[in-house]
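Protein chains: 2
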Amino acid sequence: MGVHSGIRKHATHCGYLLIMVFALFSFAATGQTPQTPQAPSPIKLMPMPATVTPTAGRLLVPQTFSVGIAGYNEPRLERAAQRFLRDLSRQTGYFLSERLADASRATLTIHADHGGEPVQDLGADESYVLEVSSAGAKLAAPNPLGIMHGLQTFLQLVEVTPEGYAAPAIHVEDTPRFPWRGLSIDVSRHFISMEVLQRNVDAMAAAKLNVLHLHLSDDQGFRLESKEYPKLQELGSDGMYYRQSEMRELIAYASDRGIRIVPEFDMPGHSTAWFVGYPDLSSAAGPYQIERRWGIFDPAMDPTRESTYKFLDKFIAEMASIFPDRYFHIGGDEVNGKQWDANPKISEFKQAHNLKNNQELQQYFTVRIEKIVSKHHKSMVGWDEILTPGMPKDIVIQSWRGQESLAEAARQGYRGILSSGYYLDAIQPAEQHYLVDPVSGAGATLTAEQQKLILGGEACMWEEFASDESIESRIWPRAAAVAERLWSPQQLQDVNSMYRRLAAFSARLEQLGLTHRSSSEVMLARIAGTDDIAALQVLARAVQPASLTIRETEAQKAGGIQTSDVPLNRMVDAISPESEAARKFSSAVDLFIASKFQDTTVESYIRQKLQEWRDNDSALQSLLQNSFLLKEVAPVSQNLASLGVAGAQALDYIDAHQAAPAAWKLQQVAMIQQVAKPTADLVLAVAPAVQKLVEASSAAVVAP
Amino acid sequence: MGVHSGIRKHATHCGYLLIMVFALFSFAATGQTPQTPQAPSPIKLMPMPATVTPTAGRLLVPQTFSVGIAGYNEPRLERAAQRFLRDLSRQTGYFLSERLADASRATLTIHADHGGEPVQDLGADESYVLEVSSAGAKLAAPNPLGIMHGLQTFLQLVEVTPEGYAAPAIHVEDTPRFPWRGLSIDVSRHFISMEVLQRNVDAMAAAKLNVLHLHLSDDQGFRLESKEYPKLQELGSDGMYYRQSEMRELIAYASDRGIRIVPEFDMPGHSTAWFVGYPDLSSAAGPYQIERRWGIFDPAMDPTRESTYKFLDKFIAEMASIFPDRYFHIGGDEVNGKQWDANPKISEFKQAHNLKNNQELQQYFTVRIEKIVSKHHKSMVGWDEILTPGMPKDIVIQSWRGQESLAEAARQGYRGILSSGYYLDAIQPAEQHYLVDPVSGAGATLTAEQQKLILGGEACMWEEFASDESIESRIWPRAAAVAERLWSPQQLQDVNSMYRRLAAFSARLEQLGLTHRSSSEVMLARIAGTDDIAALQVLARAVQPASLTIRETEAQKAGGIQTSDVPLNRMVDAISPESEAARKFSSAVDLFIASKFQDTTVESYIRQKLQEWRDNDSALQSLLQNSFLLKEVAPVSQNLASLGVAGAQALDYIDAHQAAPAAWKLQQVAMIQQVAKPTADLVLAVAPAVQKLVEASSAAVVAP
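Residue numbers (my numbering), protein chains in the order written: chain A, 129 to 832; chain B, 129 to 832.
Straight-line distance between alpha carbons at most 27 angstroms, and here's what the computed BS3-like set of lysine-lysine pairs gives:
1) B:K466 with B:K359
2) B:K521 with B:K438
3) B:K759 with A:K172
4) A:K442 with A:K499
5) B:K172 with A:K759
6) A:K521 with A:K442
None of these hints come from the bench; they were simulated from the model.
With the sequences and hints as input, model every part of the structure.
Here is the structure:
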């Protein structure tokens, strides 16, 4: 699987909002006026539980806070409780004892009815009930999975107050909407270290995601040690692969957090890295090199030779012994068929077996692979392409093509998960992912029985334009918006509420040790060659990376071929995929216009931002001149200054109760549309709001 | 060893500056005027090498940069070269291949004459010669230790330029001034995780420190697994201890970076944690509990019983097998003797053995322990107290008492290392540590032969008021100032140069993964309960923690006993020990006054800061009201506003060419001295500079 384009936006169901949820989020968006004391903060849970009932009072969380286990117990449950105490320590700065207390005296009592399955199953019950009162908290669940989720909910409830740390009194009854809530990480295009994978697991647990899908092989690298076929990693990875012992540790780490790991070994295409060590697997004579470019390439396994299946049988047997999960992903996407067409023996085989085209040849391959996978007691997962007449109903389709493809599979009785619309590397706002629903669109036309076959979805992070140091900022916090879509009631569609809670979630992640923000600062300092980067950060906050499609197009236009060797050390790589500052500014402009230009507090915030941008270009000059990595950024900084000037002029017109001249407006809008175009793969995310302001200033003028 | 006070400042030798070094640092301190393009940046090496000769040109460092090993080779050297490539990747964002190149074609060629000792020795040659020209770089050293240091130097030379990454052409001949350059970390008062210790080792390697001294036991915790005496860690550590396998890994990790690990097990005092599991070791009947308070306590080992020595013989044998280093630290400090006085059998023993007092009793103990230590092929290290008539000359004295104590030891023929003056937990500016020299003061009166007995020094980080999340900010970057004192020529005394290079070093550390800055942000966000902490950061940058002495005194005044359970989650724990912003502001004020109020660029910087402080208090109100942890900070914020107002008024007088009235000045100075007093364990570090400005405004007025 690679860089798919054509991600479709979905019409969303405008269902009713749960009354409770609505009550929690009915407060108005604030204009960020730091002078006014803040209202008691609303509950910032993410993902939002199925039902939440606030009750009276709150539970203080002092350093004597303790946890006790009543009912069923097992080591995994104890570790979860101890981890909870460690997390709470981090969140409060208290030195909490990790020793579990007697359940009758504990502040928080945990009660699981029974244990979980030795290997976490897709259908496992993940529900829990959490009751917080001023006297204490009780968390109950059928099994440890629900307990883990409930502990995460409790952690999110604890906040600093004027009187100490506290959790509001509340009654939560919660269960996920979908059983398969995944994050897929491509570790082939750029290698991702175990340390970073672990941090992602931590974040997944916080977001109640439960499947980590690892894309372990592709043209650009084979990333897991095979003892049966050691040349896979020895020649196919540049030395960058996981040892089996490391992978086993990660599996245990994830399992302890209620997360399954599903391995993917892409076949028969996307497989050049296999052939460096084992050219006989391929459909054309070798030798092969690890592919350095991005794209879809010719090499494919030879589906006509028995030796291919013998190899894969042994290989899958080995991998099945490492990954305990029931599901085994064989990729199966994007075979261009060129090697097959060029190989006369393969043509003969097709004729002999009455396979009309390469699609049917791949179907032949997939059917045989499915038999091998199921022989090793696994259910096969693959991308849309694996859906083939005669496939057993046991397989799972992961759809990069979209809801229609997924719905079609369901109509045929196949289970599926949605990834189209959830591609994090595409660089879309969280909002866009959030509003994609696995069973809206074509999915909405399914019967209730068919809808049950839609198991959930996976956020996907392809690694062409991300590496160890930027992947966290690419995934988080936006993946949590997908997590909420997959966990919470479908009716939850309030984007403003989502963003408010996402911001709180993001801040929590830094406390868990994620580097999605701090890494950005370190990268900016590196780019600038100094840590005196205040001016660079003003610019960084006002921009966003251009979409993936634009970045690819620009690279092609520049004549450069984008490869895995090209450094990802530019400004575009260091910044967040979504500008929080732009969103804030934009909603301030909306508020200001809605107030008919009367809200002076909001206006002064807007003016201050515009001035900051106007003045920032000169403040940035010395940095721009100092670093070769900032040369491309210079015009963006100038453009930001132009936006600042235009916006400030618009405010001047408004303050003078004088409609801005039409000619001026036209000129400014033309300029804004010009500067809004991507430069250096950066987009000035604040441009649309400035344009709105300019347009508003030339419209009706409100008297004082 | 504990919280020692009485750290003395030393008169420093005003020696000549090396011409070369002087040339490198003769540029004037800038007033941080971001508009003017920066001059080519000076070489920012830290510690400064013994000799540095800049030559013409520079070496570009592109993604094809490669390293080759000529001459002697060994796995450790290869790992060092690969680590260098990884570090360089991090520093540039390039995907550098870790594969070593053919030496004849490599950009950087490494040549070691021979291998190092299997166990790194105190006297090992650490010198190297580094030659960088536009054609390439050559690094030569007698053994791998020098190579490692030279690689660090090269990394510090690489910087971003308008044309790409580059290292200036240069000839460096370098060797350390002292062979023992240590960092001591107390892991007993608060446990420090292995992960954090590893990061400290990374930072030590960057600073060319070569001894990590671990204070592994004290009244508050016994932190290393003993298999001989498992109750030591089982009952003496609250479960927070290092497994032997973990310690062995850390030793290997450090050794790979040219760093020795010296363990300390404090005896016969500071040993309560031992007695929880083994009360018979003590001089009074048990049972014992882990000590939670800070201070000097009564429990001490019984030096009169043979069983004590049998126990310690076995124990030291076990520990000697874990730590390969030649040196073994037995502490030996601060025995108050109360348990000895109260025990009739011990009194009898003293009489029987003609030991006149407890000091002589401890000497008896120390002599016997030294025999055990040396039986296990180790040289004993201890604090000043172990210096006892008749001790073999093989021991090493670590001095917390000061240079006089150290000099006295040297006069008697004993080797010593200085720690007095290098206590990082005392919260002093880097400058103060920097100007303390092991052989100045009393040391300067020694003969050349005697001076050679002064082996170097150790920066000490006691952990009463630091924990895993704050220790990095407490140690770094200030420890690098001590590292330079111990590595570089004594004549290097330019504090401004040191601070400039320290800032660059500090930024590098974040790139190495240290959290001394990012952790501060995370803690501030936690304290505030939001990550919208711009106003809190303005305050945080203007303050410093009060000195350790003041913090202790304040805690006592408040009637609270400071214990290991007290959370370290306040503002004082989150901020940097030294305010860079205050130093910058202060030097701007000095520049402005020196310019006779003519430098308008500097003035506008000063005014902007003063206004920022003046306005910050109201911006901070909502946060202050939201968090119980910020209540104590409210008056500090008000005081900062008052400083802003006073300073701005002073500027107004100056701009009006009007001497400020004497009454106004007196009033302001009184106010400043009032607000300069510690509140909430915070000191307004910018107060003295504001006072200077106020005083200057009432003095002679310069005409326009």
